[in-house]
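A.B. asks: Residue numbers (the UniProt record's numbering), protein chains in the order written: chain A, 1 to 268; chain B, 1 to 855.
Do not take every clue at face value.
[Unchecked claim] From the structure, some residues in chain B lie toward chain A, with a derived Cβ separation under 7 Å:
{"id": "1", "residue": "L285"}
{"id": "2", "residue": "R755"}
{"id": "3", "residue": "E756"}
{"id": "4", "residue": "V763"}
{"id": "5", "residue": "Q765"}
{"id": "6", "residue": "T766"}
{"id": "7", "residue": "V848"}
[What the hints assert, rightly or not] Covered stretches of chain A (in silico footprint by chain B; criterion: 3 or more residues with CB under 8 Å from a CB of chain B, positions within the stretch not fixed):
{"id": "8", "stretch": "55-66"}
{"id": "9", "stretch": "81-91"}
{"id": "10", "stretch": "105-113"}
{"id": "11", "stretch": "118-124"}
[Said to hold, decoys possible] Here are the computed distance ranges between Cβ atoms for each label pair:
{"id": "12", "chain 1": "A", "residue 1": "L142", "chain 2": "B", "residue 2": "A8", "range": "47 to 55 Å"}
{"id": "13", "chain 1": "A", "residue 1": "T25", "chain 2": "B", "residue 2": "V370", "range": "51 to 59 Å"}
{"id": "14", "chain 1": "A", "residue 1": "L142", "chain 2": "B", "residue 2": "V791", "range": "32 to 40 Å"}
{"id": "15", "chain 1": "A", "residue 1": "T25", "chain 2": "B", "residue 2": "S13", "range": "51 to 59 Å"}
{"id": "16", "chain 1": "A", "residue 1": "T25", "chain 2": "B", "residue 2": "A830", "range": "21 to 29 Å"}
{"id": "17", "chain 1": "A", "residue 1": "R123", "chain 2": "B", "residue 2": "G348", "range": "38 to 46 Å"}
{"id": "18", "chain 1": "B", "residue 1": "A398", "chain 2": "A", "residue 2": "L142", "range": "57 to 65 Å"}
{"id": "19", "chain 1": "A", "residue 1": "D125", "chain 2": "B", "residue 2": "R316", "range": "52 to 60 Å"}
{"id": "20", "chain 1": "A", "residue 1": "R84", "chain 2": "B", "residue 2": "V370", "range": "53 to 61 Å"}
{"id": "21", "chain 1": "B", "residue 1": "R469", "chain 2": "A", "residue 2": "R123", "range": "21 to 29 Å"}
None of these hints come from the bench; they were simulated from the model.
Idealized CB from N, CA, C, for every residue including glycine.
Here is how the chains run, residue by residue.
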Amino acid sequence: MNTAPAPHVAARVVDAVKVYGGGDTEVRALDGVTVDFPAGRFTAIMGPSGSGKSTLMHCAAGLDTLTSGTAAIGGTELNSLDDRRLTLLRRDRVGFVFQAFNLLPTLTVAENITLPLDLGGVRADAEWIDALVDTVGLRDRLHHRPAELSGGQQQRVAVARAFAGRPDVVFADEPTGNLDSRSGAEVLGLLAHAVRQTHRTVVMVTHDPVAAAHADEVVFLADGRLVDRMREPTADRVLDRMKALDTKALDTKALDGAGERRGQGVLS
Amino acid sequence: MSSAAATARISLSSLRAHKRRFAGTFSAVLLGVAFLTGTLVMGDTLRASFDSLFAGAAGGTDAVVRSADTITTPGQSQGARGPVDSDLATRVAQVPGVAAAVANIQGAGQLVGADGEPIGGQGPPTLAGNWIDDTRLNPYRLAEGRAPQRGGEVVVNRGAAATGGLKLGDSTVLRTPEPVRVTIVGLATFGGENGMAQTTFTGMTRADAEKYLTPKPGEAASVLVRAGPGTSQQELVDALGPVLPEGVEAITGEASAAENTDMISGQFLDLFTTFLLVFSGIALLVATFSIHNTFAIVVAQRTRENALLRALGAARRQVVGAALAEAAVVAVVASAAGLLGGIGIAAGLQALFPALGFPFPAGELVIGAVSLGLPLLVGVAVCLGSALLPAVRAGRTAPLAALRETAVDRSGTARGRAATGVALALVAVGVTLVGVLVTPSIWLAGTGAVLALVAFVVLGPAASTGALRLAAPLDRLRGITGSLARRNALRSPKRTAATAAALMIGVAVVALFTVFGASLKATMDQTVDRSFAGDVAISAPAFGAGGSGLSPALAGRVAELPEVASAVGLGRGVAEVDGAGRQLTITDPVALAKGLDLGAVSGSLDTLGDDGLALSRAEADRRGLAPGERAELAFTDGTEDTFTVRAVYEQSELAGDYVLTREAWAPHRGQDSDTLIAVTLDDGVPVADGKAAVDKAAAAYGSPEVQTRAEYAQASAGGIDMMLTLVYALLALAVLIALLGIANTLTLAVHERTRELGLLRAVGQTRAQLRAMVRWESVLVAAFGTAGGLVLGAFLGWVLVQASQGSGDTDFAFAVPPVQLAVVALVGLAAGALAGWRPARRAARLDVLHAIATE
């Protein structure tokens, strides 16, 4: 089966299964998930705690390996790559924004932004970086250390860093989880801006319906399975859908059936 | 539950949880204590072995009759003793209670092995004497063959024969230093061993011994006496008293054996043990820094934990107590392990040394209370002492610290520290300069040296910040990896400095000895350059007590060669001047002026005769003597003579302070030998040809070392290099402990930075880059320590050279050997890379996701 995505797909997982532990303590974090993340789009991954949303992101981004199934980024299958090549792929073609601790305390803001490029020994595209710095509004902070920045400012640096190398896809793991709502909105606005103005691709894991509403599309996970996709999300619709998932979680069987039916409809 | 029990439980559970963090501390204490224990046990064991060896060998001798006059010259632990009349043996034998009395003739005799090379000679004595037939008075026992009966027959100890590849019936040469043709007719043992350690012994007939080992027949070193039944050693000595002439004494056999042990102790064991103790002290000092650093880091990392304890109601004392209890457990366990390790080291060396040809008599290990108690005490004290400050700091943790991020270390920029450090450094340099240049005092110089060390340690954090800023080119060289490594090292200047300080001390001592060794060589160079006027030198080994010197006939023989203009031999003698022992140079003063450059001479060396002497300027000034004045010299034979000062010369480096003619010395001489022959070639004779001719003439005298001027200048280099090698080997332990400290600090740092490393890996740092980053950090810390050590060591080397200069007449040269110091620097850097190897590997093995998720 050819899992290499078509050019308009930035990242994809097919039949993704991830099992932790074994025997009595076995946990199936991903249980056969197939999903595309289209290029030039902002996709949010949602689901209750333990639904496998973070695992999905980690596996799709090459931070973790699948137990079975395949993951690919921009036409490159990840399964066949050794640790070194996976690292180089992350460095050159993937950007990351984590919930916290995104920056190296010893480096200045400017150095943190170009870190992946510096690690690759690549000369940064000055114009692009300049534009990024202006977009995230940190021009007057370039030579400060992370400890001298507020939490929101730190996350904005992380966003700039994620886009510095013009990666195929940027993965954001709860990027607003540690921020107040205003700072959070700023960061989400930056992500959305990058997608809409400069045609980058963003995949974001979140449990916050308000955050998810900034995305073009939301995929819903529950118990390691893809249960739904929603285009043009609003916070209210996402919240409703999540409530439904929580309710249905009481009856796993019903949830599974519904999830598959709806999932197929969207995926076509 | 009592509060003490709670404290104990907290320490123990914390120890269990952080076993790894204490691995470095544990190793440092263990190694230091093991070294110390090993040294003490080995010293005691050696002493006990020699004790039993001498007691056993001399068991049959109940009294020793010998000259009461000894003269000890400075730097010599054993005095020169005059001879006794060998007829005394006959008189002593008549005394009631005496069963037997024999004359014991003793001298130096170096055997030549089957390969033509002398046996031994660089260390332990090479002895010859008359073979004593009374088996109970002879410490040697015939193991094979028979006693010598005719001239030229000898018994040698089995060890010497084995070393030289000689068998019963073989014929060889014995240098006394006159070459004597001898045939081995017997092999002997000493106290059940193949010899007295590595000492060689040749037993001759009494006639041969009198002929070759004493200047006059009828002289003996001593008379050995055996008591009849029912007479105790003390009764025997008391009975002998009345028959002994003036200047002759009798001591018991036991006292004599004890003296022999003391002599070995004084000459070898004490020096050896002190030497090793100094180096275990250095190792423990280095360990102190490493241990302190580990505890400081662990306490810093545990700020939140301690704050929580305080918030939950733990008293300050309890937190301090818990930290100290933890240190105490590590200290006791590691010290105990170190004790076992030390005993193991001693046992291992006991097995290893004989295989390497060093003396280490077999026997049970002697493990005294001091050998166990002292290292245990030192180990615990070092460990607890190092943990004290960090523990107090732990107690000061505010309950609210649990909510704050760990404070940033600002010690590197603290003005007060920099000012204190600079002030200390200035005081140190000032005190040292005063102690060296103004009023020479070893104490002032030493105090200055210690202050300099303290100043370096205080200045460390400030200096490390500056030094690492200087390393900025690394960023360009190694890109982001180098930059990250450098900034990581800059993160906690105090920690970096403390880690580097341990290595700094090790490197400083290495550099100190390297500089001092090079200075000694340069001094010898300078001495030869200034004072040696000849073209070729023939010399006897100057190192150790062995060898028999050069035949006094050799200088005359060489002088007759057609290529040679003049040759002068220098012999040694001793005398007492105003109650103080002095070394004499016995030579032909007229020829001496040709072979050596004596500088300006007032008076004349031509007319010393048998009642005149020449003095060095320094000695003449000390004694207030001028040409024409008189000096009293007392000799080992108990006589006193008045000499007229006929000449005073400037340069005493090779000639010594007193020059006497052979005629003047003849009545007082013992076994004759020269230590140096200075040969001047005829004009136009190439040095190589002249040397070859001298070599040929010397071949008949046991092929002593014939060297050109330049070779002679370098002759001392071998001994110095050997010494340096030993010192380097001993310092390796201190450096190893310092490197363990670097590795340990890095491991703790890696642990601290887990999330950061995870982030770096996530955004694309390869494992190779991460490893390189950690290794470079290690190299930077090591480079800082090494650089500091080199500077400090060179300074201390200079102090030592100046102090040595102040304590003697010799002009000391100060030399900084660039190549050796560059090698030390490179080794320091390489060792840094090595120390970073394991932490780097561990860091690279981190799982990215796990690392990111770590709190």
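A.B. asks: None of the hints should be skipped; say for each whether it holds.
C.D. replies: Here's how the hints hold up against the structure:
Using the Cβ-Cβ criterion of 7 Å, the hint placing B:L285 at the interface with chain A is not satisfied: the shortest such distance is roughly 32 Å. Taking 7 Å as the C-beta cut-off, the interface hint given for B:R755 holds, the closest approach to chain A being about 5 Å. Look at B:E756: its Cβ gets to within about 6 Å of chain A, closer than 7 Å, so that hint holds up. Because the beta carbon of B:V763 sits about 5 Å from the nearest beta carbon in chain A, less than 7 Å, this interface hint is met.
Interface hint status for B:Q765: upheld, as the beta-carbon distance to the closest one in chain A is roughly 5 Å, under 7 Å. At about 5 Å, the closest approach between the beta carbon of B:T766 and any beta carbon in chain A falls short of 7 Å, and the interface hint on this residue holds. Checking B:V848 against chain A by beta carbon gives a least distance of about 6 Å; that is within 7 Å, so the hint holds. Only residues whose C-beta sits within less than 8 Å of a C-beta in chain B count toward coverage, and the stretch 55-66 of chain A has 3 of them, enough to reach three; the restraint holds.
Coverage of a stretch by a chain is defined here by at least three residues with a beta carbon nearer than 8 Å to that chain's beta carbons; for the stretch 81-91 of chain A and chain B the count is 6, and the condition holds. A count of 4 residues in the stretch 105-113 of chain A with a Cβ less than 8 Å from any Cβ of chain B is obtained; the coverage claim is therefore met, three being the minimum. For the stretch 118-124 of chain A, the stated coverage by chain B is satisfied: 4 residues place a CB nearer than 8 Å to a CB of that chain, which reaches the threshold of 3. Between A:L142 and B:A8 the beta carbons are some 53 Å apart, a value that agrees with the proposed interval 47 to 55 Å.
For A:T25 paired with B:V370, a C-beta distance near 57 Å keeps the hint of 51 to 59 Å intact. About 38 Å separates the C-beta atoms of A:L142 and B:V791, a value consistent with the hinted range of 32 to 40 Å. For the hinted restraint 51 to 59 Å between A:T25 and B:S13, the CB-CB distance of approximately 25 Å leaves it violated. Our hint of 21 to 29 Å for A:T25 and B:A830 is violated, since their Cβ atoms are close to 47 Å apart.
A beta carbon spacing of about 59 Å between A:R123 and B:G348 contradicts the range 38 to 46 Å that was offered as a hint. About 35 Å separates the C-beta atoms of B:A398 and A:L142, a value inconsistent with the hinted range of 57 to 65 Å. Hint check: A:D125 to B:R316, Cβ distance near 56 Å, so the stated range 52 to 60 Å holds. Our hint of 53 to 61 Å for A:R84 and B:V370 holds, since their Cβ atoms are close to 58 Å apart.
Range check, B:R469 to A:R123: about 25 Å between beta-carbon atoms, so the 21 to 29 Å window is met.
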